[in-house]
Each structure stands twice: as C-alpha cells, then as structure tokens.
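Colleague: Chains as they are written, first to last, in my numbering: chain A, 1 to 348; chain B, 1 to 455.
Keep in mind that the hints were calculated from the coordinates and are not lab data.
Errors might be hidden in some of the hints.
Stated by the list, open to error - Facing chain B, according to a computed beta carbon distance under 8 Å, are these residues of chain A, among others: (1) D107; (2) Y109; (3) E148; (4) P164; (5) A167; (6) S169; (7) L203; (8) E239; (9) G271; (10) S291; (11) T292; (12) G296; (13) L314; (14) G316.
None of the values given here were measured: they were computed from a predicted structure.
Positions of the beta carbon are idealized from the N, C-alpha and C atoms, including for glycine.
Single-letter residue listing:
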Amino acid sequence: MAVRPLRILDKAPAPTSPGAGAPRPGASPAPPPPGPLRRVLRSVTPGPAPDAGGAALYRKWWLPWLWMAPAVVGVTVFGVWPFLNTLILSFTDAKPLGGAAGFVGLDNYTRMFGDSDFWLATRNSLLYAVIVVPLMVLLPLVLAVLVEKNLPGIGFFRSAFYTPVLASSVVVGLSWQWLLSDQGLVNTWLQKGHLIKEAIPFLSDSWLILLSAMGLTLWKGLGWYMIFYLAALGNVPKELHEAAAVDGAGSIRRFWHITMPGVRTSMMLVGTLTGIGSLRIFTEIYMLGGSTGGPGGADRTLPFYIRDVGLDPLTGNAGYGAAVSVALFALTLGLTLLAQRLTKEDEA
Amino acid sequence: MRARRLTGSVAAIVVLSLTAAGCGLGGSDGGEATAGGCKVDEGNVGSGELTGDVKGDITFQTTNVKKDFGDYFNGVIKAFEKANPDTKIKWIDDPGDATFTQRLVADAQGCTLPDVVNVNVNTAIALTKNGYLLNLDEKAPDAGKPFTDAMWKSTTYADAEGKKVHSVLPWYSGGILQTFNTELMEKAGLDPAKPATTVLGLFADAEKVAKASDGDYYAFLANPQHRIPADWQQMGIEVKSADGKKFTFADDPKTVQWVEAMTSLYKAGGMPRDSLSSTQDPANVYGQGKLVYGPTNPNFLRFIQQNNPTVYEKTGVAPFMLDALGHTVGAPQYVGVASTSKNASTALAFAQFLTNAQNQLEWAKDPNVVIFPSTTESLKDPFFQKVEGTDPFAEARKIVAKDRETATADEIALTPGELNAVVAQIQLAMQGKKSAQDALDEAQSKANELIEQGS
C-alpha cells in the first residue's frame, strides 16, 4: 500500500502524473515516502544537511504550537482552568447552586485540619494507596508472564482476565455485594467447608468493607495493567532468558533478574497511575458500604468526603469541598514525587 | 531518557490537575429582590392578582414521563389549546437525574426557567427561597380550592424573606401504606388482621419476628435511611425547629427510644446484619420472601405482582401507622409557575388545568401508573372507592385514597447530605459502638453543621 503524501506541506513541484499520491490499484511495491516526509526522515538520520527550503518550514517557531493546539486547548479548558478555579474556590464559601461567594481566607483550611472526618478519609485513602499500589504493580505482571506464552487456548485466559475491565463498576459492585453478603457465595462455601461457623461480616464491618473494596479495585484493574505488561514483555530480549536458562537460572530467578528489570519503566508507569487512581476511589466504597460510606461513614475516602461536604445542592459548601480537593491534589502530587524520587535513587 | 521523563511529568500533571478539577465556580448572583437577577414583568411580583389574557406561547416541563405517558400529556395539552384558542404549549421532558435541582436552579438563574414546571420538594424549596416561582397567595388567591384541605394548607415554603408562601400546586403522589407477608407474620405468631398502629408497636411485633425466625427471614432491612425521618414524624417527634434553621430530633426522648428499638432489633437478628449500610433494595429482598414487612409505597405492590406472583398472593395491606401524628406526611409532586415567565397568565391557567380534578383522575386511571390525585373530587371517584375481591392492589387503592384525604405535604425533607450524616451515627449506635443519646447528639450537631455551611 502506498503512503499517502502529506499534500498540505508539499512545497515541492506537483507530481507530473495525474492522481499521483492516491494509492493506485495494483501499484507495488510501495515507493519511498515523497516530499517533506522523506526530508524529515533524512534530517533525523546523520548525513549531509538537507536542502534548506523545506527544513526551514519546520523551524517556524509557531509550528509546534500549532500541532499541540488541540491538546493544549483541551487540557487548558478541562484541566488547568477547572484546577485554578478549584484553587480559588477553596478560599471562598461558594455554594453548589451558585449565588454570591464570599472570600473567607484560610477558614476552609483551618476547618479542614481540625476536622476528624477529613483525617479519617485521608487515612482510608492513604491505606488504599499503600495496600493497592504494590499489589497492582506486581500481580498483573505475574498474570502477564503467565498468559504471555503461546499455548493452545491461552486466548481464553487473556480474555477472561480482561473481562472485569470492561464490566461497569456498578455491575461488578452488585455482583461483589452478592458474593460477600452474609448468605452470599463466599460465606456459604466457607460454612459448607466447615471453615467458619458464623458468617464473616464482609459488608457490615468497616475494616472488612475497606479491604473488600480494595479487593474489588484489584480484581477490576488486573486485566487492564496486564495488557500494559504484555506489551512491555515483548521488548524483553529473549536471548537474555535463553542465556540465563543455559546458565541454570530457574524461572523465578529469571523473573526477578530479567523480566522485572526489563519492564521496569512500565512498572513505574503502572505505579504512578494506580497511585493516582487509588486516591480517587469512590464507586467501590459506595457499592459495598452504601451511601454513608460504611456504617458510621467509617470507610469514606477523600473523594467520598468531598461529595458529602461539597456537592449537596442545598447544604453543600463548594468552598470547603474545593479545599479538601486541593488537599487531595497535594497528597497525590506528594505521592507521585515520592515515587519519582525513589526511582531516581534506584537508577543511581 | 529525558524526553521520557518529561512526557511522564506532563502526563502526571494532567492527570493530577484533573483530580482536583472537581468543582466549578458558580455564577454570581446580582441579589436583586425580585426574581433573582432576572428582570420580570411587573405584574408577576408584588401584590395583586395576575391580569392578562390567556393566549400566546408557553413552555411546560415534566420530569421523565414522556416515554410512558406521552399520549396522556399530548391529550391534556391539546384539550387546553382547544379550550383556549391562540395558545401554544411547547412540552419538554427532563430526564430527572441526580443533578435535577442544580440544573433547574441554573436555568432559573439564567432566567430561562420553563413557564410551567414540574418540581419535587427539594427543588420547590430552592426555587421558592430564591423567588423564582410565582407567589400564588398574591397572584391567584383561589388556587387552592380544588385540593384537599390538608394538602393545600401544608404546601407552603419559605420565600426570600423567610415568609411561608404558596408557590406550587400539589399534583400527584405515590401514597403510603403498610405491606406485609401474611404467611411469615403468622409463622412469627402475629395476626395479619391486627397490624401495628404505632411505630414502636411495629418494633414490638418485629421483635417477635426476630425470636421466631432463627435467621430464615427478617422483619425489615437494617439501614436506618429507609425509616428516617418518616418514622420520627409519625411518632410526633419535632425533627426540625419551626423556622427550619436547626435540627431538634435529638432533644426528644422518643427519638432515643426509637434508636434503642432499632439497636435491640438489630442485635436480636430481626434485620439482616449485612443490610446496615448497604444499598440493597427492600423490594427485592421482600420479593424473595425473606422480609415480613415490605416497602410502604403502593407502587411496590405492582412490582411484586409482576415479579413474584407467589409472594404477592400472600401480601396483606393496611393503613400506615398513624401513631401520634394522626395522619401521614409526604410531599407530592408539584407544578410551579415561573415568576420569570413572559406569559404568566397563560402559564398559570395551564398549571391549574393540568392539576384539575378531571385531568388528575384521568391520569391516575392509567393502568401503567400507581399515583394518587391531590384533588378532593377525584378521590371520591368509584375508581378509588370500589374494591372487588381480595386483591391486595385494589385494597391498597382504597386505603391510600382514604389516607390522601388527611395526608399533608409538610414532610421534613432531609437533603442527601443531612440524611447521610444522621444515618451514619445511628448505624454506629446499632453496632453498639455508641449509646443512642450520644449517636443522636452527634448526628444532630453534624446535620446542623451542614445547615450552617449551606446557608
């Protein structure tokens, strides 16, 4: 298939043959990329300087901005501006329904630091990150290694592990509710196997609700990060494994010393993404702990707490909600920087 | 290497800023005394009846009814347009999701509230408080005549100055009654012919269920959110101060009794342990034959009839426990007229036409719906009075129609935030982590904090 030339930029003389550029039926083999594309390719390969005319076009200062414009606009409108807005809001007593917002200085922050519910939500969110992130970095890698081999029927397992990713959080939450209830599948099996006498209160004990929600997050995320690792595993040189095998290294040893270093970049990425994700948990807690976030609200995470204090149309305080949002942001930023720092030390 | 780190950081910043981008800066309010920041026709505000001809165009907004009741509404609209030539009604149907109130108030602040609009109680409160609905006491002094006395008298909300005014016309309501599984009741040694008449009486019966059931079935679900504040109002507890500025439920010893009854029943196994905070739907659990007492809305009977016919056959119905209050409470759906309307006379005429006895009765007779009219005359119709056979559904219709005659609209509408704050504390009491009084005190102070931060 011929590559369609980038007509807009093509300052070179127009091709002589009519219809050139459109793929011709039966045209084979593909000609080298014409016009500017070739020049670009040439410019990144060492050699004599390319002809000045075309390359100059790429040196226009505004051109990169033009290419980035759609993304920059999107990020500004939907990311940066709302973020700045939240920052401003956090110093006001704005209401979800609008109306005049008054500047209240640091009041929201003072209130936050003395608010035991805020600290409980912070604890829950941090626990979530501390427990879920390491598991989410390691377990999908193990899964990926298991399903990487081309065995007959392996496709079934790959799909099966990926299915939870596609299911809606609410549906998954409902099935877990059903699994974990006092008369649910898990308790019934354990009781039938005489492993327990009384049903385990997965859905009424606040610690168990939190742990069950973590399990739900893990189960739902495994397949997604497994795909990340499957892609990364393809880049781990087979020769290393072969050489190590010849030297007598077992599969566990090869996993530690070849596979894991080989996908280290992906592990960092997964760690960062799940770190951020685990601080944003809401649905799992809501599905398993109900609208109060567990009995007594003991399982509320920071996003849950933001909903409770900030978003209620009549009694919410968007200003206080924004202050808690900023705290969540600071926490996320802090964890991300910490992770980067740890990796850097690791590199040195 | 550096490029990789750079893209990583950019990605991190983007994702991070999204996490904090939860809230937006609301629009500012000019604070004009009339209708928010909107310029309105002089005749729409102040004193004096509305004048003006019934003609011209208006918009009419319903909430999530187009799919099932399109024919009925188109019929009402056509009849109105026929009776009032030169009028034209543009009908819009809002999906009515969780952000309904926010959206409607935003519409109002943008001066684009539909001329005639269907609102629920929380939205009615918010719109009245900001002056976006026509004051009917001034503009249509006779508007209350078609409605039951009890309903009309209790349909008032505070305006901008805190004065209680009529700003909405009561429309249909779902009704309330007791439903129960007669077979399980008999198993527990209770007489289905003598259902409870007080809230604490119901708890006493439920204790018997707990003793007899041995975990095979339960009285009702544990999550207190199903019973607050209806139980309390029925018991005659003052949930909120008269001016609505603070909660007072914790100061009444009857509330403590109620929490203690809930705690004792939970401990005795009269409620499923895992339903304390869960989102389980009581209608489903009742349908599985695991609950003695079912949900209290008549519409639920239709649900059971269709989904669990065997349980439906065993279902008995009775009037709701009137207890100390002597009547039931529950806000109906409302119809309001926007004070920002450019054609308020036509809008008011249509709102009254829509809610008149004839049109309300016609809709109530639609077999696809279980609703009860707010108009005195409609409730006397044979449709509500004649019961053939022992079908629970027909019995329910008669019971609820009778109940509607005295039912009032002044339910204490807790906001979702307030409800969560109160429910959470009672859950702790039920788990034995707090005493009833401590939990109630904490619940009250948290709910009051919410009122304060929202006002």
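Colleague: Now, for every hint given, state plainly whether the structure supports it.
Modeller: Status of each hint after checking the structure:
At about 11 Å, the closest approach between the beta carbon of D107/A and any beta carbon in chain B exceeds 8 Å, and the interface hint on this residue is violated. At its closest, the beta carbon of Y109/A sits 14 Å from a beta carbon of chain B; the interface hint therefore is violated under the 8 Å criterion. The restraint placing E148/A at the interface with chain B is violated, with a minimum CB-CB distance near 24 Å, outside the 8 Å limit. Hint status for P164/A relative to chain B: violated, with the closest Cβ pair at about 20 Å, above 8 Å.
For A167/A, the shortest C-beta to C-beta distance to chain B is roughly 18 Å, which exceeds 8 Å, and the interface hint is violated. A distance limit of 8 Å between C-beta atoms decides the matter here; for S169/A the minimum to chain B is near 13 Å, and the interface restraint is violated. Given hint, L203/A at the interface with chain B, holds; its Cβ is 4 Å from that chain's nearest Cβ, closer than 8 Å. Against a cut-off of 8 Å between C-beta atoms, the interface hint on E239/A is violated, since the closest Cβ of chain B lies about 23 Å away.
The criterion of a C-beta within 8 Å of any C-beta in chain B is not met by G271/A, whose closest approach is roughly 11 Å, and the hint is violated. A distance limit of 8 Å between C-beta atoms decides the matter here; for S291/A the minimum to chain B is near 6 Å, and the interface restraint holds. About 4 Å separates the beta-carbon of T292/A from the nearest beta-carbon of chain B, less than 8 Å, and the hint is met. Hint status for G296/A: holds, given a least beta-carbon distance of 4 Å to chain B, under 8 Å.
The beta carbon of L314/A is positioned within 8 Å of a beta carbon in chain B (closest approach about 5 Å), and the interface hint is therefore held. A least Cβ separation of about 6 Å between G316/A and chain B falls short of the 8 Å threshold, and the interface hint therefore holds.
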